[in-house]
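Heads up: the protein sequence lines correspond to chains A and B, in order.
Take the first sequence: its position 166, counted from the start at 1, is 166 in the numbering used here, and no numbers get skipped.
Numbering-wise, the numbering used here comes out as the position in the second sequence, counting from 1, plus 1000.
Hint data in this document are derived by calculation from the structure and do not stem from the laboratory.
There's no promise every hint is true.
Said to hold, decoys possible - If you want a taste of the chain B side facing chain A, the calculated C-beta under 7 Å gives, among others:
{"#": "1", "residue": "L1017"}
{"#": "2", "residue": "A1034"}
{"#": "3", "residue": "I1080"}
{"#": "4", "residue": "G1085"}
{"#": "5", "residue": "L1086"}
{"#": "6", "residue": "M1089"}
Unchecked claim - In silico SDA-like cross-links for lysine to any residue, where the CA-CA straight-line distance does not exceed 25 Å:
{"#": "7", "chain 1": "B", "residue 1": "K1035", "chain 2": "A", "residue 2": "N12"}
{"#": "8", "chain 1": "B", "residue 1": "K1067", "chain 2": "A", "residue 2": "Y20"}
{"#": "9", "chain 1": "B", "residue 1": "K1061", "chain 2": "A", "residue 2": "D4"}
{"#": "10", "chain 1": "B", "residue 1": "K1061", "chain 2": "A", "residue 2": "A102"}
{"#": "11", "chain 1": "B", "residue 1": "K1039", "chain 2": "B", "residue 2": "I1020"}
{"#": "12", "chain 1": "A", "residue 1": "K51", "chain 2": "B", "residue 2": "T1076"}
{"#": "13", "chain 1": "A", "residue 1": "K27", "chain 2": "B", "residue 2": "E1023"}
{"#": "14", "chain 1": "B", "residue 1": "K1025", "chain 2": "A", "residue 2": "F44"}
{"#": "15", "chain 1": "A", "residue 1": "K26", "chain 2": "B", "residue 2": "I1020"}
{"#": "16", "chain 1": "B", "residue 1": "K1051", "chain 2": "A", "residue 2": "D30"}
{"#": "17", "chain 1": "A", "residue 1": "K51", "chain 2": "B", "residue 2": "L1022"}
{"#": "18", "chain 1": "A", "residue 1": "K51", "chain 2": "A", "residue 2": "A9"}
{"#": "19", "chain 1": "B", "residue 1": "K1018", "chain 2": "A", "residue 2": "I105"}
{"#": "20", "chain 1": "A", "residue 1": "K27", "chain 2": "B", "residue 2": "V1040"}
{"#": "21", "chain 1": "B", "residue 1": "K1018", "chain 2": "A", "residue 2": "L45"}
{"#": "22", "chain 1": "A", "residue 1": "K60", "chain 2": "A", "residue 2": "L73"}
{"#": "23", "chain 1": "A", "residue 1": "K15", "chain 2": "B", "residue 2": "K1025"}
{"#": "24", "chain 1": "A", "residue 1": "K27", "chain 2": "B", "residue 2": "S1041"}
{"#": "25", "chain 1": "A", "residue 1": "K51", "chain 2": "A", "residue 2": "I164"}
{"#": "26", "chain 1": "B", "residue 1": "K1039", "chain 2": "A", "residue 2": "Y20"}
{"#": "27", "chain 1": "A", "residue 1": "K27", "chain 2": "B", "residue 2": "E1044"}
{"#": "28", "chain 1": "B", "residue 1": "K1048", "chain 2": "A", "residue 2": "R33"}
{"#": "29", "chain 1": "A", "residue 1": "K26", "chain 2": "B", "residue 2": "F1049"}
{"#": "30", "chain 1": "B", "residue 1": "K1025", "chain 2": "A", "residue 2": "P18"}
{"#": "31", "chain 1": "A", "residue 1": "K136", "chain 2": "B", "residue 2": "I1063"}
{"#": "32", "chain 1": "B", "residue 1": "K1051", "chain 2": "A", "residue 2": "E19"}
{"#": "33", "chain 1": "A", "residue 1": "K136", "chain 2": "B", "residue 2": "L1015"}
{"#": "34", "chain 1": "A", "residue 1": "K7", "chain 2": "B", "residue 2": "E1042"}
{"#": "35", "chain 1": "B", "residue 1": "K1067", "chain 2": "A", "residue 2": "A9"}
{"#": "36", "chain 1": "A", "residue 1": "K7", "chain 2": "B", "residue 2": "E1069"}
{"#": "37", "chain 1": "B", "residue 1": "K1047", "chain 2": "A", "residue 2": "Q16"}
{"#": "38", "chain 1": "B", "residue 1": "K1061", "chain 2": "A", "residue 2": "D42"}
{"#": "39", "chain 1": "A", "residue 1": "K51", "chain 2": "A", "residue 2": "E170"}
Cβ coordinates follow ideal geometry from the N, Cα and C atoms, glycine included.
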Amino acid sequence: MLQDYFKEAKENLEKQIPEYSSPEFKKIGDNIRRQLQKREQDYFLLLRSLKSLILGDWHKNEQKQRLCSIKNLLLKNGLYAETIDNYYSKKGRLSQMQVLEACCITHQLIIFIDGEGAGTITEQNYLAKNYMFHGKILFFIEESKFNKFKDDPSQYFKNFPTIIPYKESELLDKILVYSRFRIHRLAEIIEYQSRRQLGLRRPDYKSWKWRLKGRER
Amino acid sequence: MDMGEELKRIYYDALRLKNIILENKNIEILLYLAKYNPKVSEQELEKKFGKDALKGLRELKNISLIKEEGSNLFLTNEGIFQVEGLLAMAV
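Chain B extracted, bound-state conformation (with noise of 0.2 Å):
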């Protein structure tokens, strides 16, 4: 891979990575499993911020934020750096 192709790949992981975290529910799912995990199963997550918590997170597997072990959800250290980024954002 070139270093244009490189920088590339960079942006467009950067802008999904955005785009991902300001779908549905997904930044309360990341401060949910940031607060409660590693208690928190899909099933609960489903019950608390409905259906589409299951395709968020999926996506948010895929972006390797989030990680499951077991039945348990957990955040990755990405994850947590990246919540970490967010509520400084916020406050």
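Here chain A stands alone, though its shape is the one from the complex (with noise of 0.2 Å):
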């Protein structure tokens, strides 16, 4: 049975939110209400405003489990995410190709683990032509793969900038690991843009696209 991360927060809460009635009550509200406003708390919150996507295979229940115990690591260290599966129950009856449309846009860190031998062909496909999300994209993928097929470039894991080989039982320290550096790296460049008010509050910021199109005139 998949251990439910947010069912086992849920139940924590409940023991550890004094009664309504109480001053307690009264008093941790006031406490958050504080601590809020304080600046340096803006690093924390938009630290917890990014989000994750685990990307890979997930039809057997050992890949599900797989899956759902690198979300768990991940929200247990501060850091939001959700399985691709969990898309699929939510989505109803939308295809593979507009659940990858639908959720790949609104993550921030895509966790792309290579599937076995063929797996997450379609997963492959969608991004690797879609170059935008390539920069968001963490491609993990097995050591013993990697090696075999490392000298030849036109496999397809080429298509990922980012290639983190790894081992099974080394898998969810890495995952941790260099998704830890790249959310806060992420919410570093958003802290310093917006405390520099550089391109983020410039009123006069103008985007790539209008850029780009500037040029062609």
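Two chains, two separate frames, one set of hints: put the complex together.
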């Protein structure tokens, strides 16, 4: 049976939060309000708003379990994560392509775990041709498979700029380390831009699309 | 959407999240739901936190921290995650 992080977290919250009628309930609310108003908490909140999508084979139970373990690990470490199978249950009858279109755009990090044999072909094809996602993909591939094909540039995994080979026993640790680096880096960029009033808050900020159009004229 | 635009959107989303959480009694609503849902209805929140609670509720639904099924209100997975973070901040 899959361990549901959110179910456990909710049960812990029920235990942790005092009764509504108690003075402690009000005290916690006031404390949160005071903390949230501090500027330094913006970074913490920003980090917790960045979302990771865990993409990989999920049709067999053990594959589902693996994605779920990765999700739980990231959540326990303060990084919001969802697994791809969750989107299939949410979106009802959408096609695989429609699901990918809906969820890749809304996540800031895509943790893509290479499938067994020819697995994850649709995902590979979708992500390979959508370059705008490449900056947010971490592509994990089993080390022996990587070694077998690493000298062949026609292999499909050359399509991903960040390729991380792994041994099964290290997969969870590697995913946590690299995901944390990537999410913190992104949060720092956003924080830096907003503090320096660079692109993010500049009233005359122009998108690249607009700037490139301007050049064509 | 290019990268600059996406960063801008993420920044404003995080700022919006903070502002909405800080508004009116929204912190207390989130804590209340974390403690008592799924047995909480809109009427109960209005009774406990006043008329503004409904406005807050709408905003919290818009940013996907709360959802409604039937007449019961729930914290979404994102809602549970954010309340965990808020509590960690306060302790």
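Hint check:
no. : hint              : verdict
1   : L1017             : holds (6 Å)
2   : A1034             : holds (4 Å)
3   : I1080             : holds (5 Å)
4   : G1085             : holds (5 Å)
5   : L1086             : holds (5 Å)
6   : M1089             : holds (5 Å)
7   : B:K1035 / A:N12   : holds (9 Å)
8   : B:K1067 / A:Y20   : holds (21 Å)
9   : B:K1061 / A:D4    : holds (23 Å)
10  : B:K1061 / A:A102  : holds (19 Å)
11  : B:K1039 / B:I1020 : holds (24 Å)
12  : A:K51 / B:T1076   : holds (14 Å)
13  : A:K27 / B:E1023   : holds (17 Å)
14  : B:K1025 / A:F44   : holds (21 Å)
15  : A:K26 / B:I1020   : holds (19 Å)
16  : B:K1051 / A:D30   : holds (20 Å)
17  : A:K51 / B:L1022   : holds (22 Å)
18  : A:K51 / A:A9      : holds (18 Å)
19  : B:K1018 / A:I105  : holds (22 Å)
20  : A:K27 / B:V1040   : holds (22 Å)
21  : B:K1018 / A:L45   : holds (8 Å)
22  : A:K60 / A:L73     : holds (20 Å)
23  : A:K15 / B:K1025   : holds (21 Å)
24  : A:K27 / B:S1041   : holds (24 Å)
25  : A:K51 / A:I164    : holds (20 Å)
26  : B:K1039 / A:Y20   : holds (14 Å)
27  : A:K27 / B:E1044   : holds (21 Å)
28  : B:K1048 / A:R33   : holds (19 Å)
29  : A:K26 / B:F1049   : holds (12 Å)
30  : B:K1025 / A:P18   : holds (17 Å)
31  : A:K136 / B:I1063  : holds (23 Å)
32  : B:K1051 / A:E19   : holds (22 Å)
33  : A:K136 / B:L1015  : holds (22 Å)
34  : A:K7 / B:E1042    : holds (23 Å)
35  : B:K1067 / A:A9    : holds (17 Å)
36  : A:K7 / B:E1069    : holds (17 Å)
37  : B:K1047 / A:Q16   : holds (24 Å)
38  : B:K1061 / A:D42   : holds (21 Å)
39  : A:K51 / A:E170    : holds (23 Å)
Figure legend: structure checked against the earlier numbered hints; every hint is met.
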